[in-house]
Amino acid sequence: MTMHSGRGFAAINYPIGMNLGGDPSQALVHSNPDGKFTVALSSIDLGQGMKSVTRQIAAETLGIPVADVYVDTADSDTGPHCMGSFASRGTHRVGNAVIEAATEARGVMLEAAAEELEVNPEDLVTDGKGNIHVRGAPSRSITTAEACGVAQFQQGKTVSGRGIFLIPLSDVDPDTGEMTPVSCFAHAALVVDLEVDDMTGEVTVLKMNSAYEVGRALNPRLVEQQLIGGAWMGVSHALYETTEPYYPDRSHGPQDFGSYIMPGPGEVVPHDIAILERPAPDGPFGGKGPGEMCANPVLPAVANAVFNAVGVRITDLPITPEKILRGIKANGGAQPQGIV
Amino acid sequence: MAKKPIQFQLNGSSKSVFVEEGQNLLEVLRREVGDLTPKLGCAQGACGSCTVLIDGEQIVSCLTLAETVEGASVETAAGLANGPTLHALQEAFMDGFAAQCGFCTPGMLVSAKALLDKNPSPSRGDVIEAISGNLCRCTGYEPIIDAILAAAGNGHNSAGRYSGSGRQS
Amino acid sequence: MIEFRKDIFADERDDNLNEIGKPTRRQDILGHVTGRSPFYDDHQFEGLLHLKCLRSPHHHARIRSIDTKPAEQMPGVHRIIQGSDVKVNLNTLLSLMNFGEDDEPVLSDKKVSYVGEPILAVVAETERQAFDAIAKIRVDYEVLPHVLDPEEALQPNAPLVNETMPGNAFPYHEKYNHQKLRFGDVEAAFAQADHIVEDRYQMSPIEQAPIEMCGAIAAPETNDRFVCYTSTQALFFSLGTAAKVLDVPSNRLHFIGGTVGGGFGGKVDSLHEPLAILGCMLTGRAVRYAFDRQEEMQVGAPRGAERWYIKDAVMNDGRITARKFTGYFDVGAYTRLSSYAIIKAAGHLPGPYTIPNVYADIYCVYTNRTPATAMRGFGITGVDFAIESHMDQIAHKLGMNPIELRLINSYMDGDMKAHRREAKNTALVECMQVAAEKSGWNIAPDFKAMSSHNGGEGWRSEIPHTVTDTNGQIGNGVPASTVRPATTSIPAYVPSQNPSYAAPPAQPARPVSPPTPQSNVQATPTAPPQASAPASSSTPKRPRVSRFSSISGTRRR
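Chains as they are written, first to last, in the numbering used here: chain A, 2 to 341; chain B, 299 to 467; chain C, 77 to 633.
No lab work stands behind these hints: they were computed from the structure.
Do not take every clue at face value.
In silico negatives: residues of chain B with every beta carbon more than 12 Å from chain A [to be verified]:
(1) Gln305
(2) Val315
(3) Asn322
(4) Ala341
(5) Thr362
(6) Leu363
(7) Pro382
Straight line, CA to CA, 30 Å or less: simulated DSS-like cross-link-like pairs of lysine-lysine [as the list claims (entries may be wrong)]:
(8) C:Lys524 - C:Lys500
(9) B:Lys301 - B:Lys313
(10) C:Lys187 - C:Lys163
(11) A:Lys130 - C:Lys98
(12) C:Lys212 - B:Lys301
(13) C:Lys212 - C:Lys251
(14) C:Lys473 - A:Lys324
(15) A:Lys208 - C:Lys473
(16) C:Lys82 - A:Lys208
(17) C:Lys320 - C:Lys163
(18) A:Lys158 - A:Lys130
(19) C:Lys473 - A:Lys330
(20) C:Lys98 - A:Lys37
(21) C:Lys524 - A:Lys208
(22) A:Lys37 - A:Lys158
(23) A:Lys330 - A:Lys208
(24) C:Lys524 - C:Lys82
(25) C:Lys82 - A:Lys130
(26) C:Lys186 - C:Lys212
(27) C:Lys524 - C:Lys473
(28) C:Lys251 - C:Lys320
(29) B:Lys313 - B:Lys302
(30) A:Lys208 - C:Lys98
(31) C:Lys500 - C:Lys82
Think of the CB as a built atom: it goes at the ideal place given N, C-alpha and C, for glycine as much as any other residue.
Same shape as in the complex, but just chain A:
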C-alpha cells in the first residue's frame, strides 16, 4: 500500500440570477413613527442570509444603523411578489429591489427633515448613525427618528418606498443561441491537495487553497459561510454523493443517510480562501451572490488531483474507490504524474 499525493486545479465563472431575466422581485419598506423601518419581502431565507443581507442593504441605503431595520419574510399577504430564492438571484435581484424601495423611503424622510430644518432636501446627508444634517454643517441636524415622526404626525407623509428589480426577458436565437444571459459573473479558482491510497482507492483531501471573486462581500462573514460550506459540498459531490450509484440503472438507490454518504465533521478539509471584490455594475453595491458557485471548482479540481496522484482520469462522478481501483488496475499500477 502506497499513499500518492496529488494536486489539482480548476477555475470557473458563474452566471448570477435566472440567466434570461424575466424574474422580478419586489420589496416594500416603511417606517414606524420612531424611525424604525420594516422591509417586507416574500423572499425566502433558507440559510443563505437573505434577511441579513437585505437588512444591511436597506440600512446602508436609508442611511441608518442596521439595528433600525427589521426584515420580514415571507408572508404572501404582506410581502410583495418575488420569484424566490434560487439561481443565485436573491442578493442580486432582491437586493436591488430593496435599494429602490429604501431610496424612495429615504427621499420622504429627507423631505420631512428638510421641511423641519428649512433647507433643500438635496443639501441633507445622513451619517449612518441616526442623524440627518446639512452637508458641511453637522450642527444643523435632526435625528432620523424625529424626521420620521414629524413626517407621520405633522406633515401627513408615509415614510415608505416600493421597489422592484427586473431584468427583462431575453430572447434566444434558435439557430445560433444568441441571447442576453445574466448581467454579471462571479469567479473562482481553487487548488486541491489530496492523497490516494492505491490499495483501497480511498481519497483523503488534505487542503484547499482558493480565490473567489464575489463582486462585493456585502457581509464578509455571510460570504465566508457560503464559501466554506459550499466547498465542503463540492468535496462531497466529487467523492461521495449519488442517488443512483449504478446510473443509468436505478437499483441500489440510497434510502437514508446511512447509504447516502456525505463527509462528516471528521473529514473537514482545511480551506484557505482569498476573497476578491470586483463590483458588478448592476449588483447591489456591486454584490454578485456567491451561494451556488462555491462548490463548482471543487469537483473538477478533485478529479484533476486524483489524476495527478495516480494517473487515473475519472470522468464519471462520484469518484469512488471502486472507480479508482479499476483505473489503477487498467493502467497496470498507479502512475503518479509528479509534482506540478
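Fit chains B and C to the known structure of chain A by using the hints.
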C-alpha cells in the same frame, strides 16, 4: 390504541402526558408537550436534529419510545438558556456564525452540551466525535467545531480566523 | 483562513460604507440558537390530518383500474384524493413564467412514468393510518417498456416517456429538439488543429439533502381562505402553482414561509402545497403533507444526471481554437425546471474561456426516472466538471502547466462570448493568479502580470462567420446547411500558420465521441451530417422564420 400516562422532567419542570404505545419521544415532545426545539430531519436516527439528553446522555428522540422516559430527566435546546441569559454555547454559535439555516442547530447544541457537561476542556477530536451524529448540510462543520471549542474556552476563537481588515500587499 | 484581497480592483470600489461590508450578525441567529426560528412544521394545529401518496412501483405502466374501496373503510381515513379531484391536473412549473408546456399531472391515475410517481393520496388522522390504508388499495397495472438512458431515449424506437414531449426531447423554440449554440466554424478549426482532445463526462444524480425535509401544512382560514405554511424556496411559485392546479384565485391563498431549513434547489418544485390545500378543502381540517427521508432520496427531484461530450481543437502553444459540446440532461419523466437550465448552460459555454469557434447541441431528454430539478449550480455545475477536467487533459497532452494553459485561454474584459455578448467585469485571471500564489503553484512572470482589463483585442472582440444548420428540426422543415452572414466583416478565425507548431501527434488513446444524434422527431429521415465544414453557400437557403423566438419551446399558459 391504548394511551399510557407518563411523567418526566423536561428542562427541569415536571410534565405529565398520555402517550400511545409505540409513539416516539420526538413526536410527544413536539406535538403533545409543545417543545418544538427538537427537529424532525429523518426519523431514521441518522441526522441528529432531534437530539435530546436523557439523564445526561445524548439520544435521538425519533427512535426513542416515549414511554421509556418515565421518571427520567429530559433536556432539549429549549432548556439551554437560563431565562434571558444564553448558554455559552449559544453565544459562541452566534459569534462564530456557526448556523446558516438553523435547522440542525438545536440538536447540534444539545450534543455539544452533553460533551461540555462531561468534558469542559475538550480537544478538537473530542468535539468532532461528540457531533459526529449530527448532520449539517450548510456550514461544512468547521464553524460549528470552532464555536464549541470557543465556548469551552479551549480553542482558538472562531472569530480570530477572520482577517476582515484585508491584506495590503 | 479567510483573507480579503482589497488590493485587487481597489480602484473599482468605495470601501467606506456604513453597513455594507461589515460582519454584522445574522438577523435570525438568536432564533436559530434558541430553537425558536419558526420552520413550517413548527406550527401547531388542532386535529391535524396527514396526507400520504400511493406511489408507482413501476418505471412505466398504464393504470387499468384502481380499487380504493378497501382503503375507505380503514381506521382514521378521512378522504382519498384522486386525479379527478384536481381541477387542473396537468402543470409545468415554469408556466408561471410563460415557459414550456404543461406536462405533469399532480396525481397520475392514467399512466405512471417513474418509480415513486404519485397516483392518489390518502388523508388520515395519522401518517401510519394513511400508509395502512394505502396498502389496501389495489391497482391493476399494465407494465410498459421503459427507458433509462438519455441517449437510448432519443433513439427512434424508444418508449415514449411523456406524451406531451414527442421523441422524448423538449422542443426548443418550436423548432429543434435541442438547444443550439453556434459561433464560428468548429469543423474548419478541427481540420487545422495540432491536436484534437475529446472525452465524455458523466454527472451523477445528487440529492439536495437539506436537513429539513420538504412539506406543507394547509388549514382553513377565516373568510373562505386557506393558510399554507410551507418549506418552499419560492413562495409565489408555490402559491401560483397551487392557485393554478386548484383553480382558486390567488388571494384566497395565504402562504407563509420564509424560514426554511436549507433548500439547495430541492424546495422549488411546489409538490406539497397544492395537495395539502386540496386535502384541506376536501376535509375542512388542517392537513400536513410532508416527505419522509426515503421519499426525499428517491421521489423528491434530485440534481439530474448530465452527460457531456467535449471535442477541442488545440494548438501546440496551448490555444484552444474550437470547442464542440454535445450535452444530454437526463431530466426524468417531467420537465420541472430543466428546460430552462439548459438555456442557462448554453449561455455559459464554452466556460470562462475565449475560444473563437464554439458549437453546442444540448438535449433536454425524458427518461423513466424521478424528475430532476434545480440544485446549487443548476445547469452549470455538471458542465464545469466536464470543462475543467478537459482543460487538464489538454494540459497533460501538451505537457503544459494547467494554470498557464487556462490563463492563455482565459476570457477577459471586452472579449466576445459565444452567445454574442461582450464580456465585462471579469476576474478569472486574478482568481487564478491568487490561487496559484496561495498554494505555491508557480506560474511564469508573464502570467503573473496578466490582467482581466486587457482583453478584447483583434479577433477576441469579433463575431466570426458562423456555420449554422437545421439538425434536429421539428416538423416538416427541410434540413439545410446555411451560412449566416457575420455581423462584422471579420473573416472566420483561421489559426495562425506559426511555423513553430509541431505536426499533430496521434489521436488520443481514448477518444470518446458522442454518437450522431438520432433525429426521432418528425424530421425528414435524410438528416444532414453534423455541420459539414466548411459549409457551402450553395446549399439551399432556409427561409428565416423569425430572428428570435421566445425563450420557451412553446408559449402556452
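Tested hints:
no.: 1; hint: Gln305; verdict: holds, 33 Å
no.: 2; hint: Val315; verdict: holds, 29 Å
no.: 3; hint: Asn322; verdict: holds, 16 Å
no.: 4; hint: Ala341; verdict: violated, 10 Å
no.: 5; hint: Thr362; verdict: holds, 18 Å
no.: 6; hint: Leu363; verdict: holds, 20 Å
no.: 7; hint: Pro382; verdict: holds, 18 Å
no.: 8; hint: C:Lys524 - C:Lys500; verdict: holds, 21 Å
no.: 9; hint: B:Lys301 - B:Lys313; verdict: holds, 16 Å
no.: 10; hint: C:Lys187 - C:Lys163; verdict: holds, 18 Å
no.: 11; hint: A:Lys130 - C:Lys98; verdict: holds, 14 Å
no.: 12; hint: C:Lys212 - B:Lys301; verdict: holds, 26 Å
no.: 13; hint: C:Lys212 - C:Lys251; verdict: violated, 47 Å
no.: 14; hint: C:Lys473 - A:Lys324; verdict: holds, 22 Å
no.: 15; hint: A:Lys208 - C:Lys473; verdict: holds, 26 Å
no.: 16; hint: C:Lys82 - A:Lys208; verdict: holds, 24 Å
no.: 17; hint: C:Lys320 - C:Lys163; verdict: holds, 9 Å
no.: 18; hint: A:Lys158 - A:Lys130; verdict: holds, 23 Å
no.: 19; hint: C:Lys473 - A:Lys330; verdict: holds, 22 Å
no.: 20; hint: C:Lys98 - A:Lys37; verdict: holds, 20 Å
no.: 21; hint: C:Lys524 - A:Lys208; verdict: holds, 23 Å
no.: 22; hint: A:Lys37 - A:Lys158; verdict: holds, 15 Å
no.: 23; hint: A:Lys330 - A:Lys208; verdict: holds, 27 Å
no.: 24; hint: C:Lys524 - C:Lys82; verdict: holds, 18 Å
no.: 25; hint: C:Lys82 - A:Lys130; verdict: holds, 25 Å
no.: 26; hint: C:Lys186 - C:Lys212; verdict: holds, 19 Å
no.: 27; hint: C:Lys524 - C:Lys473; verdict: holds, 23 Å
no.: 28; hint: C:Lys251 - C:Lys320; verdict: holds, 28 Å
no.: 29; hint: B:Lys313 - B:Lys302; verdict: holds, 14 Å
no.: 30; hint: A:Lys208 - C:Lys98; verdict: holds, 28 Å
no.: 31; hint: C:Lys500 - C:Lys82; verdict: holds, 20 Å
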